[in-house]
Amino acid sequence: MSTTTPSRRGGGQAGAAPTGPLPPSAAGERAPRRRVPRTWFPHLILLPALLVELLVHVVPVLVGVFTSLLQLDQFSLRDWSAAPFVGFGNYAVVIDLSSPVGADLLRSFGTTALYSALVVGLCWVIGLAAAVALHPPFPGRGLLRTLFLVPFALPAFASVITWNFMLQRDTGLVNSLVVDVLGLTGERPFWLVGENSFASLVVVSVWRTWPFAFLTLTAGMQSIPAELYEAANVDGAGPWWRLRMVTLPMLRPVNAVLVLVLFLWSFNDFTTPFTLFGQAAPAEAEVISLHVYNSSFQTWNFGLGSAMSVLLVLFLLAVSLAYTGFLRWRRDE
Amino acid sequence: MGPRRGVAAWTAAGVAVALGLAGCGGSEDSGAAGAALTYWASNQGTSLDHDRQVLTPELEKFEQRTGISVELEVIPWTDLQNRVLAATASGEGPDVVNIGNTWSASLQATGAFLPFDEQTIGRVGGEDRFLASTLTSTGAEGRPPVAVPLYGLAYGLFYNKRLFAEAGIAQAPRTWAEFVDAAKKLTVPEKRQWGLGIMGASYTENAHFAFIFGRQNGARPFEGDEPRLDSPQMVDGVSQYVDLLSTHRVVNPSDAEYVNDTQVVKDFAAGRTAMIMIQNYATAAIRSNGMADDAYGVAPIPVLDPLPPGGKKISSHVAGINVGVFANSDDTEGALEFVDFLTSTEEQKILNGTWGSLPVVREAYDDPRFRGPLIDVFQQVLAESAETMPMVPAEAQFETLVGTAVKDVLADAASGETVDEQVVEDALAAADQRMRAGG
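Heads up: the sequence lines are chains A and B, in that order.
The first sequence begins at 1 in our numbering and counts up one residue at a time.
The second sequence begins at 1 in our numbering and counts up one residue at a time.
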């Protein structure tokens with residue numbers, strides 16, 4: 001702040017400065033600064049970032065929105081800017097729940113909502129449990145923390161394709177354990193097709209993402225003053241009450257961000273289901289990102305796919321706004 | 001402090017702006033036409049590397065003869081269609097590209113490919129050089145082909161001779177009833193041996209079989225451009241295929257999760273499955289899985305006998321790979337010269353001989369490599385009992401929607417759910433509605 005105030009004044013005097021009684025060397029140093037008033041400077045320095053942001057985010061999003069208003073298929077793909085303009089026609093098809101396209105989208109949306117809720121919930125619970133367990137110092141804590149982060153650090157493709165091998169019915173490790181070693185079921189269950197595929201997807205996603213919750217919550221717990229725990233101890237609080245009365249309230253701001261980020265990630269997740277199931281996911285596990293991909297690329301109907309994407313963005317935006325609004329309201333209460 | 005901070009800030013801003021400008025300027029020179037052609041090859045060998053090793057010396061030969069260098073990129077099948085679509089939308093693509101021949105009509109509709117009208121096809125030796133059957137899969141009828149054939153493929157029924165002998169089956173089944181009967185005899189769950197292996201989760205394979213068996217039952221998936229995906233004949237055709245798993249139980253239910261040929265071929269080579277229905281490229285893969293060429297035989301995929309009313313003796317679609325030229329190519333002449341090279345008799349012998357596919361030009365068949373009992377079967381299938389997949393713009397959607405519907409039905413059957421004609425009909429009716437709704 002202290003630097004901007006004089007600079008604004010300096011800017012106002014720019015015309016008079018060269019004739020002033022300053023030594024030549026000092027004048028030489030200051031002259032370039034005065035050509036651009038200081039108030040512009042922060043904006044100028046932001047300009048490249050703004051351009052890049054426009055290029056990599058805003059323009060593609062706008063193109064996506066524009067595409068959703070076109071009938072973009074194999075007939076118009078080559079000269080896509082001249083594709084027939086259908087206005088909200090694609091949206092009408094997508095939200096008409098009595099049509100197969102709309103019904104499919106709704107089903108996929110439901111699957112995704114359940115998937116997202118489970119992934120966020122499980123990641124948070126496991127992450128919190130691990131963070132609390134590793135909070136007090138003990139030998140080997142650092143090693144355990146590093147180990148816990150491994151699933152998050154592995155490249156998604158490598159780890160998910162390994163899960164794919166493990167979940168195969170005849171040769172997979174999971175069935176070897178469940179059927180051959182433990183003898184839990186007589187029949188070898190399927191994990192990659194049919195009803196179980198949804199559970200497989202949730203497990204793999206939670207396995208991949210929970211370390212992030214663990215990392216964030218661990219970082220959050222570092223800032224909780226030790227005195228609070230000491231005071232709680234003095235009051236005779238056990239571990240459960242310390243968690244409820246100290247840890248969780250103090251972690252509230254961290255949780256607010258963590259849950260939102262986990263929700264957005266899981267709702268949009270494409271890599272995990274696509275790598276796990278390949279091009280044609282089982283209907284039970286067809287989450288919305290795969291559904292949009294299939295609508296666009298496998299059936300060559302990019303307008304319809306874009307309309308679904310835009311609706312998805314609007315939904316995520318609405319949830320995010322409602323969520324942050326709710327948090328603010330609760331904070332102000 | 002003030003001036004120093006200012007200098008640092010200005011330097012940072014300058015660097016940032018320079019970087020930004022450099023980023024924008026970088027694209028300027030990328031459009032310039034180079035001397036090299038770009039060629040996107042499909043994956044025909046056992047790996048992408050194998051394809052590169054086989055193609056590179058041929059491309060060098062082409063460069064020596066014409067002075068045109070070719071930049072090669074081998075693209076896996078899972079990506080090829082997306083890459084072609086992206087190139088179509090952006091206008092920035094290769095000069096020459098391999099495509100799955102069933103996509104021909106769909107890609108033709110984009111207008112992104114150089115049409116092989118009479119004059120253009122003359123540049124690669126004229127229509128008469130090519131086998132008539134392969135030319136049927138190069139685009140919609142009555143329009144100039146979007147590409148020319150490159151590698152010929154057809155389905156066959158591969159069977160393990162030893163397992164046939166053990167089961168007391170003297171010869172390859174010729175009718176569908178014989179086939180089901182043989183498959184039942186060959187299914188011995190205690191030995192973990194199954195009559196037939198399938199790729200249940202591959203939507204393209206499923207779509208091909210829906211077409212083949214649908215045609216045996218007299219189905220026509222399209223009337224003109226109108227879809228008829230849920231006609232009673234299609235339902236019969238798909239049921240004929242799905243019954244192998246659900247009713248006859250001659251397929252290992254685990255096959256419902258096979259997405260590609262890797263495991264199917266491995267199971268067959270290891271004797272875990274006695275038969276597979278697969279295209280002729282599999283000969284190379286079976287060999288590399290350690291099964292000798294004389295350990296198995298090939299017969300046409302059996303056909304219903306007697307055929308239902310309107311049914312046709314179809315045991316394969318006209319499968320194969322076409323090669324096309326992008327209309328946006330900077331060097332159409334060079335690209336056509338390269339297509340001429342790839343379809344020349346000499347290269348047809350070398351490449352098809354390596355991939356295990358069939359030459360698409362007549363003259364190549366004087367080579368002893370393309371004679372013999374195995375090759376004869378595929379040639380006979382292509383000549384007598386193969387029909388091209390529907391050459392309509394919506395063919396790509398047909399493969400996705402029908403193939404996925406069959407995949408879901410197979411998954412249900414594998415999980416022990418009852419799958420009857422009604423279930424199949426519902427699945428196909430949903431696919432039909434989706435196609436009509438443009439989805």
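Worth double-checking, as some hints may not be accurate.
Here are the simulated lysine to any residue pairs, SDA-like style, with alpha carbons at most 25 Å apart [said to hold, decoys possible]:
{"id": "1", "chain 1": "B", "residue 1": "Lys191", "chain 2": "A", "residue 2": "Leu182"}
{"id": "2", "chain 1": "B", "residue 1": "Lys191", "chain 2": "A", "residue 2": "Ile161"}
{"id": "3", "chain 1": "B", "residue 1": "Lys61", "chain 2": "B", "residue 2": "Ala132"}
{"id": "4", "chain 1": "B", "residue 1": "Lys266", "chain 2": "A", "residue 2": "Gly102"}
{"id": "5", "chain 1": "B", "residue 1": "Lys313", "chain 2": "B", "residue 2": "Leu374"}
{"id": "6", "chain 1": "B", "residue 1": "Lys184", "chain 2": "A", "residue 2": "Leu182"}
{"id": "7", "chain 1": "B", "residue 1": "Lys191", "chain 2": "A", "residue 2": "Phe165"}
{"id": "8", "chain 1": "B", "residue 1": "Lys61", "chain 2": "B", "residue 2": "Ala140"}
{"id": "9", "chain 1": "B", "residue 1": "Lys266", "chain 2": "B", "residue 2": "Pro232"}
{"id": "10", "chain 1": "B", "residue 1": "Lys61", "chain 2": "B", "residue 2": "Pro368"}
{"id": "11", "chain 1": "B", "residue 1": "Lys185", "chain 2": "B", "residue 2": "Arg129"}
{"id": "12", "chain 1": "B", "residue 1": "Lys266", "chain 2": "B", "residue 2": "Gly125"}
{"id": "13", "chain 1": "B", "residue 1": "Lys191", "chain 2": "A", "residue 2": "Thr171"}
{"id": "14", "chain 1": "B", "residue 1": "Lys266", "chain 2": "A", "residue 2": "Gln279"}
{"id": "15", "chain 1": "B", "residue 1": "Lys61", "chain 2": "B", "residue 2": "Glu166"}
{"id": "16", "chain 1": "B", "residue 1": "Lys184", "chain 2": "A", "residue 2": "Thr275"}
{"id": "17", "chain 1": "B", "residue 1": "Lys266", "chain 2": "A", "residue 2": "Thr275"}
{"id": "18", "chain 1": "B", "residue 1": "Lys349", "chain 2": "B", "residue 2": "Ala327"}
{"id": "19", "chain 1": "B", "residue 1": "Lys266", "chain 2": "A", "residue 2": "Leu182"}
{"id": "20", "chain 1": "B", "residue 1": "Lys185", "chain 2": "A", "residue 2": "Gly325"}
{"id": "21", "chain 1": "B", "residue 1": "Lys191", "chain 2": "A", "residue 2": "Ser176"}
{"id": "22", "chain 1": "B", "residue 1": "Lys312", "chain 2": "B", "residue 2": "Glu417"}
{"id": "23", "chain 1": "B", "residue 1": "Lys266", "chain 2": "A", "residue 2": "Gly278"}
{"id": "24", "chain 1": "B", "residue 1": "Lys266", "chain 2": "A", "residue 2": "Ile161"}
{"id": "25", "chain 1": "B", "residue 1": "Lys266", "chain 2": "B", "residue 2": "Arg129"}
Treat the hints as calculated values from the structure; they're not laboratory data.
Each hint tested on the structure:
{"no.": "1", "hint": "B:Lys191 with A:Leu182", "verdict": "holds, 22 Å"}
{"no.": "2", "hint": "B:Lys191 with A:Ile161", "verdict": "violated, 29 Å"}
{"no.": "3", "hint": "B:Lys61 with B:Ala132", "verdict": "violated, 29 Å"}
{"no.": "4", "hint": "B:Lys266 with A:Gly102", "verdict": "violated, 41 Å"}
{"no.": "5", "hint": "B:Lys313 with B:Leu374", "verdict": "holds, 20 Å"}
{"no.": "6", "hint": "B:Lys184 with A:Leu182", "verdict": "violated, 32 Å"}
{"no.": "7", "hint": "B:Lys191 with A:Phe165", "verdict": "holds, 23 Å"}
{"no.": "8", "hint": "B:Lys61 with B:Ala140", "verdict": "violated, 34 Å"}
{"no.": "9", "hint": "B:Lys266 with B:Pro232", "verdict": "violated, 36 Å"}
{"no.": "10", "hint": "B:Lys61 with B:Pro368", "verdict": "holds, 23 Å"}
{"no.": "11", "hint": "B:Lys185 with B:Arg129", "verdict": "violated, 45 Å"}
{"no.": "12", "hint": "B:Lys266 with B:Gly125", "verdict": "violated, 40 Å"}
{"no.": "13", "hint": "B:Lys191 with A:Thr171", "verdict": "holds, 16 Å"}
{"no.": "14", "hint": "B:Lys266 with A:Gln279", "verdict": "holds, 21 Å"}
{"no.": "15", "hint": "B:Lys61 with B:Glu166", "verdict": "violated, 49 Å"}
{"no.": "16", "hint": "B:Lys184 with A:Thr275", "verdict": "violated, 35 Å"}
{"no.": "17", "hint": "B:Lys266 with A:Thr275", "verdict": "holds, 22 Å"}
{"no.": "18", "hint": "B:Lys349 with B:Ala327", "verdict": "violated, 28 Å"}
{"no.": "19", "hint": "B:Lys266 with A:Leu182", "verdict": "violated, 28 Å"}
{"no.": "20", "hint": "B:Lys185 with A:Gly325", "verdict": "violated, 68 Å"}
{"no.": "21", "hint": "B:Lys191 with A:Ser176", "verdict": "holds, 18 Å"}
{"no.": "22", "hint": "B:Lys312 with B:Glu417", "verdict": "violated, 31 Å"}
{"no.": "23", "hint": "B:Lys266 with A:Gly278", "verdict": "holds, 20 Å"}
{"no.": "24", "hint": "B:Lys266 with A:Ile161", "verdict": "holds, 19 Å"}
{"no.": "25", "hint": "B:Lys266 with B:Arg129", "verdict": "violated, 37 Å"}
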